[in-house]
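*Asks:* Quick note, the sequences are listed as chains L and P, same order. End of the first sequence sits at 429 in our numbering; the numbers just go up one at a time, nothing left out. End of the second sequence sits at 429 in our numbering; the numbers just go up one at a time, nothing left out.
Heads up, a few of these hints could be off.
Since the list can't tell identical chains apart, any single copy or any two copies may satisfy a pair.
Derived DSS-like pairs (lysine-lysine); straight-line CA-CA distance at most 27 Å [said to hold, decoys possible]:
#: 1; residue 1: K238; residue 2: K150
#: 2; residue 1: K261; residue 2: K150
#: 3; residue 1: K151; residue 2: K236
#: 4; residue 1: K76; residue 2: K261
#: 5; residue 1: K76; residue 2: K96
Hints are computed from structural coordinates only; laboratory data are not their basis.
2 protein chains.
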Amino acid sequence: MMKKLLLFVLDGLGDRPNPQLNGETPLQAAYRPNLNALVSTGLGGMMFPVRKGLVCGSDTSHLSLLGYDPEKVYTGRGPFEAMGLGIVAEPGDIAFRANFATRSRDGIISDRRAGRDIPESGSLAKKISFSMNGAEFIVKEGVEHRAALVIRGKGLSPEVSDSDPHEQGRAPRKVLPLDDNAKHTADLVNEYLERVRTILDSSPENRDRESKGKPAANELLLRGAGITPRLQPFREKYDLDGACLAGIPLITGIGNLAGLHLLKHPGATGRVDTDYNGKVKAAIRALDSHDFVIVNIKAPDIAGHDGDPLLKRDVIEKIDSALGQTFELSDSVVTCVTGDHSTPCASKEHSGDPVPILFSTSGMRRNNVRQFDEVNCCRSGFNLLSGDVMPMLMQLSDRLEKYGA
Amino acid sequence: MMKKLLLFVLDGLGDRPNPQLNGETPLQAAYRPNLNALVSTGLGGMMFPVRKGLVCGSDTSHLSLLGYDPEKVYTGRGPFEAMGLGIVAEPGDIAFRANFATRSRDGIISDRRAGRDIPESGSLAKKISFSMNGAEFIVKEGVEHRAALVIRGKGLSPEVSDSDPHEQGRAPRKVLPLDDNAKHTADLVNEYLERVRTILDSSPENRDRESKGKPAANELLLRGAGITPRLQPFREKYDLDGACLAGIPLITGIGNLAGLHLLKHPGATGRVDTDYNGKVKAAIRALDSHDFVIVNIKAPDIAGHDGDPLLKRDVIEKIDSALGQTFELSDSVVTCVTGDHSTPCASKEHSGDPVPILFSTSGMRRNNVRQFDEVNCCRSGFNLLSGDVMPMLMQLSDRLEKYGA
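In isolation and in its complexed conformation, chain L is listed as follows (with noise of 0.2 Å):
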């Protein structure tokens, strides 16, 4: 029988020494005897991201994860963020990133932030997503000033330039085509944001920012364009049917792309207080129906960007406690366990540090690593890249055909 393959993401798992933890790194400090076992009856090691001393985004290195390489199938970060902010993006999709922005009287743009505080976001992304000549441009509102616009339809190019000046004091720049195929593209969006200005000028939400002495949010400036790209469906790739449980938009979006069944998990909340437990329950259900499974769990880096190390090593024990539930699967099914990046808490932000890694299943062999962390995986010298993950599940679960005879 052949074996089915769960692989846990912990997001931003690795990470540096720590002051604040007599110098260890939070996976060091956590009491962990579930990963330490799991480790201890398989293989650990040390994986980089993409590849070595690169410092990756989520995004990047899910896609690598899933044996898409970034190179060849990361299209711009607009089509990624876009799908971080919740547009679930279609293979053809054009992405922008977007600022609201403020826009004076005489066409100049005096704030590229729109003061950042922008609680009207929401309700101004909605207004200004329609469609239009035979297009959807869909607006979704992220953090302060930042949104993404979605262009949908047909015979669209991501090869036009920024109507973002990117400096202030100037005015918003036409859309441009970048080559001979993008002139309807360019047509488009330019014709889109002069409707735009016209809504947000004449917005209640922008008059009550003004009444109260707030710069207004009224012009949208559109930077990297970029298209969503179209993957290799994953049943094609594998030949495995495969599902995707995360409580972040960007992973789902990246597992809609790959054609997996996305998972919900009411209590997968895609921050520090998701439900470990329910969420590792329900994807070792989700395998009854599927051979393969990929969950996120965002919680570690979260913690990293906040530069807690004491949160990130308490939810890598809720952590721990949760994955206990995979040992009764050893017979049936490979287990492998990493992170997307490193998110050290003393820089708060990714860094080019490899992660752990460990692969478990019964009869597989072991290396002698008794504890997973970022200094006892690193000494066994099993070493891989993000790209190696599934040819190893896939051949841990003899899955994969012979390569010559």
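Using the hints provided, position chain P relative to the given structure of chain L.
*Replies:* Frame of chain L; chain P shown alone:
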């Protein structure tokens, strides 16, 4: 004085923890003082055949070990299966995988395997091996219904379709050209198959089978045409006079394509009863007149495919004992011992697990691996791919030219 190179490939060496060996691999369980001494005086590490997570055949792996990239030179299983059956293929030969099958009176394939039990396949293969229209047709029987057909001649192309209908109840297909250059080959094969039908239908072997109520082996179904690749001669590639000692025709076939001198040792059977001591001695003696010798010892793979971990341990002990002869070479030879892939006894099939590897010679660096097995070599952190082996041997023998100034 430049050292000579001696490469031992223990076929299917790698394994997984086996319950019959108290959770050790056959290599771990074997008494192996010589392998341990060799690795203690040099470098021990792990090698993935071709690339990580691939499940390799012996053909793709040996090509890679010799420095030929299978992605470039592996032209399909046909030519390599033909070599495996003992047809000494030449570059440009077209080879098919073939089945003896049963064609009923109405021209329909009633049994794609002619009942599997075909003791007459050898004499039938000889009868349908002949020259025709300027081309030579060579058929060699394999196990049960299996066989290979090689066509040697001018202007041949592998771009032709199968005659095998791939299911019972259908007539054999006409072989069709898949591009403009393949018409001659398709015509030739179709005419050959017509003649084969006449020969097989009227053969005493088949009349005898039918009189015994057995299905006639009166059709040769062809599939998977491939061209025998032209490899850059080993001598040209490395400026080495190389030789190959192997008990199985697949490996001598590859050695032949690489232009290696094919060594014969009467006791080398390609089976578990091979003369291990004599084979190692013959390889050492060959170094008097050659710079490089590759030795394939098939026995561990056979034990793996048989699912017999005790036998695998025992043959490894015999190999270890024979390798004791290499110690006196240390000042003049770089010795490498590895496998071509793993064949775990538990699965009885090749797996993608990496294999241990050692390099040993006087004066080289050591990396503190003291035991040659899957666990200790993994912990060394010295990781390579099979394509790295020849460059490592070349550099350890001080034969490589400087890259740069």
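*Asks:* Looking back at the numbered hints, which does the structure fail to meet, lowest number first?
*Replies:* 2
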